[in-house]
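Engineer: Could you put together the complete structure from these sequences and hints?
Protein chains in written order, with our numbering: chain A, 1 to 162; chain B, 163 to 665.
The reader is advised that the hints may include incorrect statements.
Cβ-Cβ distance ranges computed for the label pairs, FRET-style [as the list claims (entries may be wrong)]:
#, chain 1, residue 1, chain 2, residue 2, range
1, B, MET357, A, LYS46, 45 to 55 Å
2, B, THR575, A, PHE137, 24 to 34 Å
3, A, PHE33, B, GLY358, 17 to 27 Å
Calculated from the structure, these hints are not laboratory results. The structure presented is a predicted model; accordingly, all values stated were derived computationally and were not measured. All C-beta atoms in this analysis are idealised placements derived from N, C-alpha and C, irrespective of residue type, glycine included.
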Amino acid sequence: MALDRWIALILLGLCLIYGYAAFFTMDGQIPPFMRRNPIWPSTFPKILSVLGVIACLFILFGVEKAQAKEPDIDYRRLHEYKLGQAILLLGLMIAYALALRPLGFLFSTSAFLILGSFILGERKWHIMLPVSIFATFVVWYLVQEVLGIFLRPLPQFLMGVF
Amino acid sequence: MLEGILIGLQTAFSIQNLLVVIGGCLIGTFIGMLPGLGPMSIIAIMIPVAITMGDPSAALILLAGVYYGAIFGGSTSSILLNAPGVAGTVASSFDGYPMAQQGKAGKALTIAAIASFSGGTIGAILLMIFAPGLSTVALLFHSAEYFALMVVGLSAIAAFAGTGQVAKAMIMTLLGLIMATVGEGALFPQPRFTMGIMDLQSGFGFVTLAMAMFALPEALFLVLKPKDLKGNEGEIKDLRITRAEARAIAPVIGRQSLQGFFIGVLPGAGATIASFLGYAVERNIATKEEQEEFGKGSIKGLAAPETANNAACTGSFVPLLTLGIPGSGTTAILLGALIALNVTPGPRLMIDAPEVFWAVIMSMFIGNLVLLILNLPLIPYIAKVLSIPRNYLIPFILFFTLMGAYIGQNNATELLILVGFGICATALKFADYPLAPLLIGFILGGMMENNFSRSMQLYDGIGFIWERPMTLGLLVIAAILIILPSYRTRIARRKAEGVADGD
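Structural biologist: If you want it as structure tokens, here you go:
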């Protein structure tokens, strides 16, 4: 089965869960006075879930034949592309998300930029380090001073020291 | 109207807004030139900046400038490298790249700049003429019609998605609507579908979703499949065009400005369709000898898509500014940004906030002018951005998407949601699901449900559908829009299979 139909199957499951919640679990919470209302919080989701299920079934049963066309990236040959780099970068983004608060903006961002170029195969440290650190400071200055949004610059344990 | 124009000029010509429009155009050109980064990603990245500026006119001017710049930059990389940065400029590479190969890159860029300028300017004039009229009509609409109109808009987006894509576009739209129901609705103070997670109480963040849908997958695609950016490294010179050439492209520009604008107004049919259609139309009506030249460096073949895509970009502002309904992914992002700034686009916009409405239109003129004067002489230098190594570029793109989501919410959980959705969006992109309908559905979802609920309450049930003829008519149109394309592909398939047509 092609990937688009697998995805349709997953989406069908999502729509069914969503529909189940809308049809069977939500209405119990409505206060009695709202029951006379023609519209309930669950009305719109009910319609959406039904339509969603229909559309998913359309794709699953291949009612509408898609024209074969050359995709930008063929997922069947994904391993031939630089999949490792992409996964490492995604991991790096997650690490950045987790490190941003505890380690502070300046450290995590410069580390993110340096490691990002490192993963992509850059080895010229004498360019990489200054570019990343300079960019980090510029962005921090712009966000903190110009836009006025607080970004904790230093790690948590150092914040009180300065 | 004159009063409005003056208000607009006053707002648009403040020092701050002039700087904003110039900055926006430059940023847009720079990033739009990079192959693989479309206007939607760039605008998504710029939203946090626009929102923190606090002034709705300045924010919209900035984002519109970025939008124009991105389209313009996209055509530059189409012409120089045959690597369009934006889908809307793919048609420009058909004739632009052959011209560059013949050593006429400078001329091609000049024609592109002039065509873009004329398309954008004529589009803005048409917008000035049509938008006020349309918004007077729109004031007659009730919530029932609004609901029906949104249904029409969303089905048109699905219908224009292309053959074999209608069901996919529809499910993406529905997914967007479903995601919009997460969190507290406006009419009901009761959290829905949050699964008990506190962070979802206020729903998904719109900026996060925009980044996850566009910027992140595009960046990941760049990582997965490095595009070869080695193009013609030659000097870009001889920017002048002759009088005869100017005379040849003038009618093309005139026709394509009109056609592109009206295609842009239609929901779902944006700059991409306008540019391809413009190219096809001009090739068909050209003389025999000229037809031979198309695809080999015809100036008409370059002027047509360039004019059409810029006019269509302007046209797509019509439904946004008059009805408050975005017709494309880009205008959907603009709508989201405006709502975040407490401005609700729609028929009341011209009355409630004329300075926003007219300033945007005026800034379109200024933006086009800026692109023409600033970019034409600077193009050889700006094109240098194409030589930034991707090892530096990609980490920065990823960092800006993360930063955008973080600044908007000031919440690190948002970053995890961003990465999660980004992965889902990349998988969807692999399977050729269109992503723009999801975001449009997400943005329209809240409004659609509110209008639907209001009309349900007024008519005590779904009676409003048949009691209001206009609503019924619009809903019928929506149904036709969905059914027609699948019916037509079915007929085409039957014919292709050689099976006789039944009645």
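Engineer: So does MET357 of chain B sit 45 to 55 Å from LYS46 of chain A, Cβ to Cβ?
Structural biologist: At 18 Å between Cβs, range violated.
Engineer: Does the hinted range 17 to 27 Å hold for PHE33 of chain A and GLY358 of chain B at CB?
Structural biologist: Cβ of PHE33 of chain A to Cβ of GLY358 of chain B: about 25 Å, so the range 17 to 27 Å holds.
Engineer: At the C-beta level, are THR575 of chain B and PHE137 of chain A separated by a distance inside 24 to 34 Å?
Structural biologist: Roughly 26 Å apart at Cβ, these two residues keep to the hinted range, so it holds.
Going down the numbered hints, you'll see the structure goes against just number 1.
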